[in-house]
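These protein sequences, in sequence, are chains A and B. In terms of my numbering, the first sequence has 78 at position 78, counting the first letter as 1, and numbering is strictly consecutive. In terms of my numbering, the second sequence has 180 at position 180, counting the first letter as 1, and numbering is strictly consecutive.
Read the hints as simulated data drawn from the structure, not as lab findings. On a predicted model such as this, the values are computed, not experimentally measured, just so you know. Wrong hints could be hidden among the right ones.
Within a straight-line C-alpha distance of at most 25 Å, the following computed DMTMM-like cross-link-like pairs (lysine to aspartate or glutamate) qualify [as the list claims (entries may be wrong)]:
{"hint": "1", "chain 1": "B", "residue 1": "K203", "chain 2": "A", "residue 2": "E63"}
{"hint": "2", "chain 1": "B", "residue 1": "K63", "chain 2": "A", "residue 2": "D32"}
{"hint": "3", "chain 1": "B", "residue 1": "K204", "chain 2": "A", "residue 2": "D166"}
{"hint": "4", "chain 1": "B", "residue 1": "K203", "chain 2": "A", "residue 2": "E148"}
{"hint": "5", "chain 1": "B", "residue 1": "K229", "chain 2": "B", "residue 2": "D139"}
{"hint": "6", "chain 1": "B", "residue 1": "K204", "chain 2": "A", "residue 2": "E171"}
{"hint": "7", "chain 1": "B", "residue 1": "K203", "chain 2": "A", "residue 2": "D32"}
{"hint": "8", "chain 1": "B", "residue 1": "K203", "chain 2": "A", "residue 2": "E92"}
{"hint": "9", "chain 1": "B", "residue 1": "K204", "chain 2": "A", "residue 2": "E18"}
{"hint": "10", "chain 1": "B", "residue 1": "K103", "chain 2": "A", "residue 2": "E100"}
{"hint": "11", "chain 1": "B", "residue 1": "K63", "chain 2": "B", "residue 2": "E26"}
{"hint": "12", "chain 1": "B", "residue 1": "K63", "chain 2": "B", "residue 2": "D11"}
{"hint": "13", "chain 1": "B", "residue 1": "K103", "chain 2": "B", "residue 2": "D139"}
{"hint": "14", "chain 1": "B", "residue 1": "K203", "chain 2": "A", "residue 2": "E62"}
{"hint": "15", "chain 1": "B", "residue 1": "K25", "chain 2": "B", "residue 2": "D12"}
{"hint": "16", "chain 1": "B", "residue 1": "K203", "chain 2": "A", "residue 2": "E55"}
{"hint": "17", "chain 1": "B", "residue 1": "K171", "chain 2": "A", "residue 2": "E48"}
{"hint": "18", "chain 1": "B", "residue 1": "K25", "chain 2": "B", "residue 2": "D59"}
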Amino acid sequence: MVATEVRRMADLVGNLLELSRLQSGGVVLRQDWNSVVELIDGALRQREALLNGREIRIDVSEEVPLVWCDGVLVERVLVNLLDNVARHTPGESPVHLWAEGGDGVVRIGLDDGGRGFPEEGSGSEGRSTGIGLSLCRSIAEVHRGRLETGATPGGGARAVLVLPQDRTPPELPEDPE
Amino acid sequence: MNERLVLVVEDDRSIQRILRDVFLKEGFQVRTALTGRDGMVEAGSRRPDFIVLDLGLPDLDGKEFLRDLRQWSDIPVLVLSARGAEEEKVLALDAGADDFLVKPFGVPELLARLRALLRRHDGRGSRGPFYRFGQVVVDIPGHTVHRAGELVRLTSVEFRLLVQLVRSEGKVVTQRQLLQEVWGPGHCDQTHYLRIYMAHLRKKLEDDPTRPAYLLTETGVGCRCLAEKADIPHLEER
């Protein structure tokens with residue numbers, strides 16, 4: 001499909017531009033309070049067509065706190081991880097998105113049924129990584145967080161965005177029913 | 001929808017050509033402009049039924065175009081923006097754009113957005129007392145919300161937020177606009193209010209609050225509710 005190729009090229013160029021801006025320190029973070037559920041849903045809506053037909057499971061309990069971050073960039077991380085899933089797993093392979101909070105961080109994870117990521121510095125036995133994942137790592141770093149890649153207990157691939165959770169939102173005003 | 005006139009203000013000739021072909025095929029009349037100034041002249045002389053405006057014009061900032069246009073016209077405007085330019089989108093919406101689409105976009109989505117814009121514009125001035133989305137009916141004068149015929153209890157803030165969203169009938173309302181209207185001008189930076197209250201509304205009104213079908217957040221921009229005006233309360237299933 002031409003349209004798919006055009007979109008892929010546009011995404012690649014967009015990722016490259018974003019990566020060079022991040023690495024040159026030319027990005028001003030627009031941080032505010034973000035809901036992990038909304039970021040996940042936003043990313044899934046951006047990649048709806050690409051993920052068509054896959055079983056998508058989301059586990060984000062109400063205890064997961066709001067995250068102080070640049071929501072557009074964090075959503076971009078999730079979009080890139082979803083692209084990675086689409087490229088490296090069979091079309092019917094399920095996707096599991098989850099999040100948990102605690103120990104001063106919020107962890108947003110994506111598991112799939114594909115081959116795991118290559119270990120750092122181990123040559124490239126697993127799936128290929130690329131510009132998309134480099135951008136994910138840079139976005140994590142400008143948030144003073146990190147991107148962890150590895151395998152799920154079941155042998156699939158797992159990517160986890162770890163963001164620091166060092167502030168809590170102010171109290172809400174009174175709101176009677 | 002036939003015989004409507006659409007004005008495309010876009011400096012990228014290939015995109016302009018694609019848009020032109022799409023609109024002609026849908027039975028619209030089409031005028032095009034490559035610059036903001038030409039676009040303004042076309043808008044003033046041809047009085048189009050709606051405008052598709054690229055935000056990255058060579059001669060004129062898209063927001064300037066919108067501010068000028070809004071001084072004399074309420075023609076619906078759909079802006080086209082680059083991916084990631086969320087700040088631009090917010091400024092454009094605040095300057096008077098009705099909706100936005102991120103490039104590259106699909107033709108069905110473009111046409112769906114335009115149809116929604118035109119519907120909303122045609123019904124303008126007759127702001128409805130009732131709105132519905134999915135199985136939810138919002139009765140604004142009655143201060144009640146029903147879901148599948150059952151009364152849903154909302155707090156006063158939840159109700160005010162919902163009213164702002166449904167009245168925009170699918171159009172994105174910026175975070176700033178929502179915070180200002182619902183909580184007041186001193187609260188425009190309290191974005192956590194919106195995150196928390198959107199979650200409350202989804203929990204009470206969506207079938208699957210983690211994958212909402214109607215109460216959507218556009219990250220970095222604002223929120224929208226895919227609601228439509230309803231003529232009658234539709235509570236007969238109660």
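To see whether the hints hold, each was checked on the structure:
{"no.": "1", "hint": "B/K203 <-> A/E63", "in the structure": "holds, 14 Å"}
{"no.": "2", "hint": "B/K63 <-> A/D32", "in the structure": "holds, 24 Å"}
{"no.": "3", "hint": "B/K204 <-> A/D166", "in the structure": "violated, 30 Å"}
{"no.": "4", "hint": "B/K203 <-> A/E148", "in the structure": "violated, 31 Å"}
{"no.": "5", "hint": "B/K229 <-> B/D139", "in the structure": "holds, 10 Å"}
{"no.": "6", "hint": "B/K204 <-> A/E171", "in the structure": "holds, 22 Å"}
{"no.": "7", "hint": "B/K203 <-> A/D32", "in the structure": "holds, 22 Å"}
{"no.": "8", "hint": "B/K203 <-> A/E92", "in the structure": "violated, 29 Å"}
{"no.": "9", "hint": "B/K204 <-> A/E18", "in the structure": "violated, 38 Å"}
{"no.": "10", "hint": "B/K103 <-> A/E100", "in the structure": "violated, 33 Å"}
{"no.": "11", "hint": "B/K63 <-> B/E26", "in the structure": "violated, 28 Å"}
{"no.": "12", "hint": "B/K63 <-> B/D11", "in the structure": "holds, 15 Å"}
{"no.": "13", "hint": "B/K103 <-> B/D139", "in the structure": "violated, 37 Å"}
{"no.": "14", "hint": "B/K203 <-> A/E62", "in the structure": "holds, 11 Å"}
{"no.": "15", "hint": "B/K25 <-> B/D12", "in the structure": "holds, 20 Å"}
{"no.": "16", "hint": "B/K203 <-> A/E55", "in the structure": "holds, 22 Å"}
{"no.": "17", "hint": "B/K171 <-> A/E48", "in the structure": "holds, 20 Å"}
{"no.": "18", "hint": "B/K25 <-> B/D59", "in the structure": "violated, 30 Å"}
In the structure shown, a violation is registered for the earlier hints numbered 3, 4, 8, 9, 10, 11, 13 and 18, in ascending order.
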